[in-house]
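Quick mapping for you: the protein sequence lines, in order, are chains X and H. Residue numbers for the first sequence follow the working numbering, so the first one is 4 and each next one is one higher. Residue numbers for the second sequence follow the working numbering, so the first one is 5 and each next one is one higher.
Hints in this document: simulated from the structure, not taken from any laboratory. Just so you know, not all the hints are guaranteed correct.
[To be verified] Mimicking DSS-like on lysine-lysine, the simulated pairs with C-alpha atoms at most 25 Å apart in a straight line are:
#1 K52/H with K222/H
#2 K82/X with K193/X
#3 K156/X with K198/H
#4 K94/H with K222/H
#5 K193/X with K222/H
#6 K94/H with K156/X
#7 K156/X with K183/H
#8 K198/H with K222/H
#9 K52/H with K28/H
#10 K26/H with K83/X
#11 K82/X with K26/H
#12 K183/H with K193/X
#13 K26/H with K360/X
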Amino acid sequence: MTMEKPGLIESATFSRDVIHEIQRAADTGIYDIRGFGAKRKVPHFDDLLFLGASMSRYPLEGYREKCGTDVTLGTRFAKKPIKLDTVVTIAGMSFGALSANAKEALGRGANIAGTSTTTGDGGMTPEERQNSKTLVYQYLPSRYGMNPDDLRKADAIEVVLGQGAKPGGGGMLLGQKITDRVAQMRTLPKGIDQRSACRHPDWTGPDDLAIKIQELREITDWQVPIYIKVGATRTYYDVKLAVKAGADVIVVDGMQGGTAATQDVFIEHVGIPTMAAIPQAVRALQEMGMHRKVQLIVSGGIRSGADVAKCMALGADAVAIGTAALVALGCNHPKWDEEYQKIGSAAGFYDDYHEGKCPAGISTQDQDLASRLDPVDAGRRLANYLNVLTLEAQTLARACGKSHLHNLEPEDLVALNVEAAAMAGVPLAGTNWIPGKEF
Amino acid sequence: MKFDLKTQTVREVNQALHDLPKDKQAEVEINGISGDHNLAVGMDHPVKITLNGHAGYYCAGMNKEAEIIVNGNAGQGVAENMMSGKVHVKGNASQSAAATAHGGLLVVDGDAAARCGISMKGVNIVVKGSVGHMSAFMGQSGCLVVCGDAGEALGDSLYEAHLYVKGKVESLGADCIQKEMRSEHLEELSALLKEAGCDDNPEDFTRYGSGRQLYNFKVDNTSAY
Chain X
4 MTMEKPGLIE
14 SATFSRDVIH
24 EIQRAADTGI
34 YDIRGFGAKR
44 KVPHFDDLLF
54 LGASMSRYPL
64 EGYREKCGTD
74 VTLGTRFAKK
84 PIKLDTVVTI
94 AGMSFGALSA
104 NAKEALGRGA
114 NIAGTSTTTG
124 DGGMTPEERQ
134 NSKTLVYQYL
144 PSRYGMNPDD
154 LRKADAIEVV
164 LGQGAKPGGG
174 GMLLGQKITD
184 RVAQMRTLPK
194 GIDQRSACRH
204 PDWTGPDDLA
214 IKIQELREIT
224 DWQVPIYIKV
234 GATRTYYDVK
244 LAVKAGADVI
254 VVDGMQGGTA
264 ATQDVFIEHV
274 GIPTMAAIPQ
284 AVRALQEMGM
294 HRKVQLIVSG
304 GIRSGADVAK
314 CMALGADAVA
324 IGTAALVALG
334 CNHPKWDEEY
344 QKIGSAAGFY
354 DDYHEGKCPA
364 GISTQDQDLA
374 SRLDPVDAGR
384 RLANYLNVLT
394 LEAQTLARAC
404 GKSHLHNLEP
414 EDLVALNVEA
424 AAMAGVPLAG
434 TNWIPGKEF
Chain H
5 MKFDLKTQTV
15 REVNQALHDL
25 PKDKQAEVEI
35 NGISGDHNLA
45 VGMDHPVKIT
55 LNGHAGYYCA
65 GMNKEAEIIV
75 NGNAGQGVAE
85 NMMSGKVHVK
95 GNASQSAAAT
105 AHGGLLVVDG
115 DAAARCGISM
125 KGVNIVVKGS
135 VGHMSAFMGQ
145 SGCLVVCGDA
155 GEALGDSLYE
165 AHLYVKGKVE
175 SLGADCIQKE
185 MRSEHLEELS
195 ALLKEAGCDD
205 NPEDFTRYGS
215 GRQLYNFKVD
225 NTSAY
């Protein structure tokens, strides 16, 4: 690549970004830790297109003909499955990583849109339960804030085995974010780094997990659905084992999924793209005769109604959003640009969630910063965004002649390039060719 | 009140236990146990439960308030995430006993396997026999008392849990160090031994705790991770 000045050629191997990272590593002696999700470009839903109806298919009339968006999760064993108005849900994000106001705003927004939100590492806060009509309680390896009373208050339990941003990795909430309240909830001293384990402490494999799930069901008298969340890697096998272990719902989080803080090398180099994981998960479910019986939630870099509709077409029952929800609340908003600049970033680029200095008051425990986020206003913004995602997905579904988002199918999609065609298992546009017989 | 797992299911028994009036101090006996998993989990009552037989995984998991006695061995994860109350295993316990437990007392008359008290968060554990490797790994708070020996890497990556071992320790884990036994520790240990029904002399024990060198990430400590 030639730079602006004639004669200066930037190395494709040692680009300015790479040089900067080498210099940063040499200065500090530690790998880069950051929040947000993967920033590298990987095959994504943008590489898929819908085949809107013309002659061979019959479209539905926008704003007139019904296109359902509701979903019921946990129909396999739970006495009280979750019923949501939209297929778009909110992914687990912890109090500690996020401010209490941000957690409250997520609950408020989800309530307005008729969907669920999810706790995270750090447990369930009373404010979160109070402000979330439908709340999924995460059962995490660290078991910070794990409380059977909260478990019984949950509308569903999500056993977290992995996260798309860091499958196989734990986490570290750096000491600067550990206030008195966060420390108290996690039974750890204030100001020290809090390590989230990479594996559960009391089971070591799928057979143990089956018994663990049964324990959670016994404690909650088989009332609420049990989700299993995995980071997308060996998705086909993980989904099969999760079904066998007794999951009501499986959450597959692709590599574009966000995080509060982990190693950059993990975010960018571990896991597979969300689009590639869905067909693997669906194939596993179909082979077991459990597609639509064990519901599939997909997350990791979902941004628009097109992404939502494409997930549905590939066979998901619902999607979860994390990073996009934070952006809707106000993360990286241009109105804070001057403040982002002061801490060495800029609006649209801020990813140092672990430092606790978030100018938008979202990924912080600093009370002054956190008070900048009005949970009512931010909740409204999130609800607006959720509604847009749903409306956009509906629009695309109607164009494909579908009266419910779940009626979308792979046949409605084509791929723009060979990579996407192979990963998604749909034909290359203008052909009948699906690369490879296995995916 | 008596149950028999030869004629009743674990589900039926647990539901009956959960349905007990919360203010009633009942006594319950469960017979016919043959390694069944998830027995007496999620208790939220001041009830005394006696399990006659060997229990499977997660017996007494997430216990609150109840006193649960296992007249036999207990499988993996006994009293996991216990909040309060007491669990007494008269035989041996398998691995991950009292994992992540926040409170209450676990007494094991025999030995406990690997990772006893892993990520303990306030529970007190008294093992009259020995414990396996990586016990109290990432232990946050509470006490682990071992009247016998401890396996490799005791207290690896420990936070603020107190460890007392009478016998030999195979090895200490990262950032776990021997510490002075001061009067308040002798007092704490004496009370736990008494509560567990042990007549061991507290002065025969050695205390271990966190060196607090790994509390905040430092690049010079990378060899310890």
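For each hint, the structure was consulted:
| no. | hint | result |
| --- | --- | --- |
| 1 | K52/H with K222/H | violated (48 Å) |
| 2 | K82/X with K193/X | violated (40 Å) |
| 3 | K156/X with K198/H | violated (37 Å) |
| 4 | K94/H with K222/H | violated (44 Å) |
| 5 | K193/X with K222/H | holds (17 Å) |
| 6 | K94/H with K156/X | violated (33 Å) |
| 7 | K156/X with K183/H | violated (42 Å) |
| 8 | K198/H with K222/H | violated (41 Å) |
| 9 | K52/H with K28/H | holds (11 Å) |
| 10 | K26/H with K83/X | holds (24 Å) |
| 11 | K82/X with K26/H | holds (23 Å) |
| 12 | K183/H with K193/X | holds (22 Å) |
| 13 | K26/H with K360/X | violated (46 Å) |
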